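Reconstruct the complex from the two isolated chains, following the hints.
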Amino acid sequence: MGRSSFRQTGIVLKGLIFDIKRFAIHDGPGIRTTVFFKGCPLKCPWCHNPEGIDPSPEIIVSDDRCIACFDCVAVCPKGAIAEAGRTVTIDRANCDLCGECVRVCYAEALEIVGREIDSDELMGEIRKDRIFYEQSGGGATFSGGEPLMQFDFLAETLSMCRDEGIGTVLDTSGFVSSERMIGIAPLVDVFLFDVKHMDSSIHERYTGVPNGPILDNLELLAKRGALIVARFPLVPGFNDSAENIEETASFLASAGIEEVRILPYHKAWLAKYEKLGKGVRPYMADVPSKEDMSGVIAAFRGHGLKVAVGG
Amino acid sequence: MNERIERLREQSVSTTPYISSERAELITEFYQSGRADYLSVPMARAQAFKYIMEHKQISIGNGELIVGERGPAPRAVPTYPELCCHTLEDLDILSSRERARFDVSDEVRESFEKRIIPFWQGKTMRELVFDAMADEWRAAFDAGVFTEFMEQRAPGHAIMDDKIYREGLDGMKRRISDSTAHLDYDNDPLAEKKREELEAMAVAADALIALARRYAEKAMELADMENDHARRVELERIAEICTHVPQNPPGDFWEALQMYWFIHLGVITELNVWDSFNPGRLDLNLYPFFRRGLEDGSLSKEFAKELLQCFWIKFNNQPAPPKVGVTDEQSATYQDFSLINVGGVDIKGEDAVNELSYLVLDVLEEMHMMMPSLCVQLSSKNGDDFLKRAVGVVKAGFGQPSFFNTDAIIEEFIRQGKSIEDARLGGPSGCVTISAFGKESCTLTGYMNWPKIIEITLNNGIDPASGKRVGLETGDPSMFHSFEELFDAYKNQLNYFVDVKIHGNDVIERMYAEHMPSPFMSLLVDDCIEKGKDYHDGGPRYNTTYIQGVGIGTAADSLAAIRYHVFENRSVKMPELLDALSKNFEFNERLRLMLSNEAPKYGNDDPFADSIAQSLFEAYLEAIDGRPNTKGGFYRVNLLPTTVHIYFGRVTGATPNGRRAGEPLSDGISPSQGADRKGPTAVIKSVASFDHTRTGGTLLNQKFLPQLLQSNEGMEKVGALIRAYFTMKGHHIQFNVVTAETLRDAQEHPERHRDLIVRVAGYSDYFVNLGKGLQDEIISRTEHGEF
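Chains as they are written, first to last, in the working numbering: chain A, 592 to 902; chain B, 2 to 788.
I should point out that these hints are in silico values taken from the structure, not numbers from a laboratory. As the structure is a prediction and not an experimental result, all values here were calculated from the model. Honestly, I wouldn't trust all of these hints.
[What the hints assert, rightly or not] In the SDA-like style, the derived pairs of lysine to any residue whose C-alpha atoms are separated by at most 25 Å in a straight line are: (1) Lys869(A) to Gly756(A); (2) Lys605(A) to Gly690(A); (3) Lys730(B) to Gly756(A); (4) Lys773(B) to Gly868(A); (5) Lys730(B) to Ile722(A); (6) Lys719(A) to Arg591(B); (7) Lys719(A) to Asp607(B); (8) Lys866(A) to Arg591(B); (9) Lys302(B) to Asn63(B); (10) Lys396(B) to Ala899(A); (11) Lys773(B) to Thr678(A); (12) Lys773(B) to Glu702(A); (13) Lys634(A) to Glu702(A); (14) Lys719(A) to Gln703(B); (15) Lys389(B) to Gly901(A); (16) Lys389(B) to Ala899(A); (17) Lys194(B) to Thr631(B); (18) Lys773(B) to Ala675(A); (19) Lys881(A) to Gln711(B); (20) Lys773(B) to Leu854(A); (21) Lys773(B) to Ile722(A); (22) Lys605(A) to Asp607(B); (23) Lys897(A) to Gly715(B).
[Stated by the list, open to error] Non-contacting residues of chain A with respect to chain B, defined by C-beta distances greater than 10 Å in every case (computed): (24) Leu604; (25) Ile622; (26) Glu699; (27) Gly774; (28) Tyr797; (29) Ala862; (30) His894.
Each residue gets a CB set at the ideal place from its N, CA and C atoms; glycine is no exception.
Next up, chain B with everything else stripped away, as it sits in the complex (with noise of 0.2 Å):
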């Protein structure tokens, strides 16, 4: 990297997040003058949102070649509070506290106080969704059985295709009026509505064109005072380029990508979106500038790179939202998941990779940064080249690319009714969670915590931690003849907790379509502009709601546990068994170790512990695949966990699997922690005894010392290991490189790390099982990178 980039990076990195306070005292301004108070309400937030991006400070940093910061200068992270008002006491939480800390100047504290609190307390969306919600919503929320999304954070996961870069902006004004003229005021009751939408939609078209011709003028008069040749000269084709794009479709390589980095500012700005918004398939998409620019002499391969290592440098720019309560503590991260994609296969199916695809993976290895994430989609069509090289990229050791089985995806899609073609150019959106490229909402609605149903259902209904009923009567456990009918219990209080998320998920989504419409994001998602529909009102092409399922792996060797020790073996009673879990197994160590080491484990490949957590997800999609939402769309369902699996730990009592009150729940898929002891072929083959065709995104961490990827041969034992997982259907994989702290962890606590695998010297071992002495020799080699 050159010197350029290594200081915009290093700035980038070294700065602390802090909050601005300007989008939330821009949106009050325009709110407060009565601006918006004769207007629609797309209108009005269409015109809020322009009222932004014409008053919003303009940044051109030093060096810089792709241009456009959020706020008003990078790491600078603006608030939403249409959405969630942060008090002054959620500013001195977000100033203090040790994960994903922002800081908060007195100047921000002041305009909190004297202007963005005073007006939008009461009216924001945070306090409509909770005061919505029935007793029996809030009753669960509380026990900590599911979470909810939409609380503080809009519905999201949009992902880009090519249209930006085939239409610009001009291109969808036109489409906008072509769907305007074909209205039918007489026999369309909605056309009206309709009307307003699409003119909102322009209306937010022409607000991020004022944007980037601002950028221009900035990039013009940077270039007049600039006493450097060379930076006057990039200053001027900036001015140039913003002048261009995104009003019009990008002629270059350059183009292109300051293209598409406007319209993710448009998306980010407008709502704080979960998961924010992602170019998805970079390598694809861009191909075609890159591969001209190359053959007429107007690109050079380094200078594409350098373009492509300032664009990784905006992402990581934009910090997530400070996120308060339960909701940061089941996302506690900068982390705003914005998940480039190379690789996978064309729209007529065939291997997608290209120059590109290598040249992004040189990219990432480079800039070694939180943002961006990039993964992999891995068809078969795929060559082991790109595969080696990736695998490659992990030796890094910062957990990317992750790697998703692209004809495994296609399948899911088709499942979901998408067209081939559509299935073909999408992929993962955010997280591991599946979407149609430009043409889906794909909405992530709550975690539900599986672990705590269990308990809950081992309580007759009553959550023990408060003592109050939250769930169903489904009869005392000890009176209870076989594990059939425990896992009906089960079954009934899962579907009632399901049932009760829905009927919120109903109100919230009529919520979002009615107060919270974004006709910026609708401009970028078919068939929005056809439908003369909003992103958040069943606009889009697919709408997808998902609920995802977390602690299979608890989960499954919490019921294994019981099915094993107290219907067949009769080795321990219910009655003895409730009383050892309502005591968190003090005075009962023996037990919690037969629990825990003579039990069958999922994770293992043993038939007996999967089975279960195939009846698990049977119960779970049962409960939730196909159900209608209130866009037109199906419900379906997804195995991740972000952090959630810590904050559902804390609020979950012991459970019959041997684990401790208040210690976290396995995370994703994976078995739960240091239960797997056959290695990572075990674990793959009992992730995938279920069918992950039938979800949306399942989550896979595995783990490795970075030793395995030292040899080319180890390199390619690794990428076998993921062609074989994907063969099995598997849907993600990620490789997690161990750090000397958390051996030092394992050394400690080694319970929690009985699946660590170190190579120990020719020959791998579990690192528990090596004495001390040989421990601390690995870790010292683990510190010192020396293998």
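Only chain A is shown next, with the shape it has when bound in the complex (with noise of 0.2 Å):
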């Protein structure tokens, strides 16, 4: 069988990706390699992915690694880069993500977050463990940042990895076009599809966008017959209330959604907004107590749900 239709225009598309995992373990079945997509059209303040938020690179610092040999002030043309005791800050504002500090770095303190990919590069990063999805039933998870921002990069690479019998997973905020998400949903083996509030009002209020578009794909894919499995952070504060929980279980029994995966509020992320450098305020909550978690996986029981906690 030749290549599909998103291959017939003969160019080579390219993508923008922060990160590629191997031996992902909790997007999906079987031993996975995850791609994470760099942009997303959601801001939720407790993603803990928040370099993948924004759809162009960026320069990160982590203070922890450098030894203040500042080389990197040195290097840089613009000059956008200034000691600050012990470590370094850069004048973004300044900054074209030339690179020249990066490479002078050897302790690791700078790094560009997102980098240009084409699909036959990330295909041979794919295909590395393609061995291993054959003995655990694994494959390849596409996630982000929200990955149908490059729908049409998405499309290829899925398409390529069906072509080549490797099993696909989509994790998706659910936020973009129904016919885009209609047009993905064949190259797709299983949605992780993340419903966070109800409420449309103050889904928007956190996450910069209401809820409507997302809960009518979830229906529209289930309908469709797709293999979804719904995730649900579980963000003390936002979207823990006993009612919010009743209609989310509710809504996602009646949707025919089987399973549910409850992803707990936690703060591994926080560096990750320091080294960002963005002043963004980073969403603070006190961890999902174990009581806690037992009551919203019985509510979600209750609606004959399966319950599983984590990836």
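See the structure below:
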């Protein structure tokens, strides 16, 4: 069989990604390689991949790795880097991401997050662990950010996986036009679909977008028989009210979803916000207690849903 | 585990090993008495063995079902003064050091001072070996280029097959008579020598039967005094068993375990052999007894388990005899590498997993002891249920069982010229090296320090630590124009050191054949009886000698950094690099980080570095594989470290991969500590990129937090990881479940632990990339077993 329609233009498409993780074992069945696409229409302040939100490359500084050699200050053509005690600060408005500083930073304190990759190169990376996918029933997972923001690139890569018999999982916020969601569905084995809040205005206040298109897309996909695992990030103070959980569970159950995975709020990402240096204030809350968790699990189970915690 | 097992187990794990002078005293008495004066060497050794077996203390512990101790009591460890006679200073070190410490009583000290040392000093194998070595050998040994296994322990690595259960010692004695009757004194000039050797074997067999009889008598004596009826019945049964085995083939499961145990005691009393001894394919060999017992109702599964638990404790009661000097540093552990095998295939190549395989895994999990070790042989013929059960035991967190690739091992055996039947019934013999069970002498002779050889190459034959010339003059590296020139120089140095090591081995092999025959071990290994030749003298069907390669990760990364920065990118000049290495990167942290972070590294599925690892492997193979030893067999290679990567690291200066002087080398075939940053699948692809089937064994350690194995799904994924590695013909993999202590070290020294992956919350990340707060949280979770 020939390459799918997405490849017929003869143009090699490029995408912007910020990480490729091999031996990903919490992003779908089996052993997987997860590709993180950069750029997301939502701006959740609890996001554990905040470096995936901005749809363009960014420079980050890890203060703890800096050995204060200040080679970067010397090489920066824009003079955008300044010494700051035992580390450096970057005038990001003045920085054009030329990468000179990163090249001389052997301590790996400076990094550019986000790199262009073409679909052939990306497939090369994905193919590397094919033997592990075969043994475990795994494959590739596309996450982010929101992979559907780079629709053509995503569709091309997914169809290349299909052609090569590599399983596909799409981890999505669901915030995309219904045409795109329907268009991508035939190329995806399993959707990991985030549902964050049932009240659209609260949803919009925290994430920057209403939930209408998300919920519509979930129903639409479910109706068409797509395999969907719902993901519910449990964020205290945002979506943990009994009422919202009840409504979410009821919605998922009536949409025909069978399995929900609860992702409890955690603080692993706090350091990342500092490194990004954007002055964004991350969402602060207490980590859900065991009792909270069992209440939430019970509520979902009450609607006949299969519940797991984590990935 | 019931009260009996709990008590016996507790006694075993809580007793600090201590030195017993019993064996040393007895063997001294024997040789001092003049009894050996007019005997051939094999006969003298056999009579000495018999003297020990007839006079040593008999110990039956309260509640024991399997009986017999090597020393006078559990955890009492003998010494072997004919091999290595410990000095009083050695005893001080043994009793005060941190690792593998032994208690030494005043009586023991006095016995050494008054009787043992005066008799043996100047006559030990250790002294003979060092005296016989050439200056070049000594220089390389002192520099830490290689170690020497035979300087205080004897060649061993023999594993039992099923013959003891079929024949009993009487059966072996019948074969000895046959073989003696067929000696051809007219045409075989060695016939008389063979007769002596065979006669010595028969004496050794009688010696063990005598020991068992003494156990039978002791059991009867205890039974007569016993008030508890149930225990009295047990003791009477023990007396009966010890009268029957090892002389006759065992009749049931209990007798079969006791049979093996007597044989084990014989081997580890006769000599202090490397990788003590082990029953090999326990599930396969004992299954007929197990099944018959269940079928005729004479054995319950519960009692079979209890017997196995008693059996387990016996191994833990026998820590490795004390090691000193470099030998201690290369193998600083009480572990004596009794590696019980389960799984794999039978003689026809079919799935050998049975009910007993599962029962043994249950015992392993419940006993949670350091010894014996257990490995799972995994063939594509073995089902996933078995694999999953084995992975479930890994969760217990003590690095067991390890996993071996039966299908690859069979290929390795066939390449070495073994028959397909012997290959299918063989396996790993102690650590990871393969052996045809009951048919092979596979001798590990020492570790070879690859990074040290690179260091010597970069210094044109000089060891910078001493300033002395230990290698060849292969040229000033600053004058080299290409990477190939450097690699050729390395190969010349390597070949030189391999030659030096093999010349030494040739001498040492003959010394063991002449001075230290082991008639008891010879009984057990085919075809010593048929050939009338000793285990150390080419008697076994197969005779393989190994030199173990160490530091492939450090070596590959070092050469990759030079190739990348000096010869390709020209970002560093050779003199600058050499200068920085000689100064241990002082005042040049920038260069160290550049070498360490901005150069290709083995373990990341990166062909640049992996191809160098392959070249290093090929060079090693070419230097060693197929060379003849003095026993009619051949040299093979294997890659494993035990604890030598610490010692070798200590004697190796800064290396071009950014490693500072004195830091440990990479272990086994693992990447350098922290160099692998792409996770376990990339590690596995890198380490499988060279051909394991042309080795006799490789060792791969992987680290996981226990969280990974918490869920069913997690266990299946680890199982799939193992299957994938084995599809790529990897030889061995074991999983160390990471402790809180390791995590704390990772917090302090992130550069050493960049490969450590932890589950955070619904996803995994590199531990060193997490903020301190989260790291603390994970440490406390790991400590408290909450995931």
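To see whether the hints hold, each was checked on the structure:
1. Lys869(A) to Gly756(A): 41 Å, violated
2. Lys605(A) to Gly690(A): 20 Å, holds
3. Lys730(B) to Gly756(A): OK: Lys730(B) and Gly756(A) at ~23 Å, within 25 Å.
4. Lys773(B) to Gly868(A): Roughly 18 Å separates the two Cα atoms, so the pair holds.
5. Lys730(B) to Ile722(A): At roughly 12 Å apart (the allowed maximum being 25 Å), Ile722(A) and Lys730(B) satisfy the hint.
6. Lys719(A) to Arg591(B): 33 Å, violated
7. Lys719(A) to Asp607(B): 10 Å, holds
8. Lys866(A) to Arg591(B): 22 Å, holds
9. Lys302(B) to Asn63(B): 23 Å, holds
10. Lys396(B) to Ala899(A): 21 Å, holds
11. Lys773(B) to Thr678(A): Since the Cα atoms of Lys773(B) and Thr678(A) sit roughly 18 Å apart, the hinted pair holds (cutoff 25 Å).
12. Lys773(B) to Glu702(A): 20 Å, holds
13. Lys634(A) to Glu702(A): Between Lys634(A) and Glu702(A) the Cα gap is close to 22 Å, so the pair holds against 25 Å.
14. Lys719(A) to Gln703(B): 20 Å, holds
15. Lys389(B) to Gly901(A): 22 Å, holds
16. Lys389(B) to Ala899(A): 21 Å, holds
17. Lys194(B) to Thr631(B): At roughly 18 Å apart (the allowed maximum being 25 Å), Thr631(B) and Lys194(B) satisfy the hint.
18. Lys773(B) to Ala675(A): 21 Å, holds
19. Lys881(A) to Gln711(B): 17 Å, holds
20. Lys773(B) to Leu854(A): The given pair, whose Cα atoms are some 22 Å apart, holds under the 25 Å limit.
21. Lys773(B) to Ile722(A): 36 Å, violated
22. Lys605(A) to Asp607(B): 23 Å, holds
23. Lys897(A) to Gly715(B): Distance ~18 Å between Lys897(A) and Gly715(B) Cα, so the pair holds.
24. Leu604: It holds; Leu604(A) is separated from chain B by about 25 Å at its closest Cβ, greater than 10 Å.
25. Ile622: 6 Å, violated
26. Glu699: Non-interface label fails for Glu699(A): nearest chain B Cβ at 5 Å, not farther than 10 Å.
27. Gly774: Check passes; 28 Å lies beyond 10 Å.
28. Tyr797: Given that every Cβ of chain B is farther than 10 Å from that of Tyr797(A), nearest at about 20 Å, it holds.
29. Ala862: It is violated; Ala862(A) is separated from chain B by about 4 Å at its closest Cβ, not greater than 10 Å.
30. His894: With a cut-off of 10 Å, His894(A) remains clear of chain B, as the shortest Cβ separation is near 21 Å.
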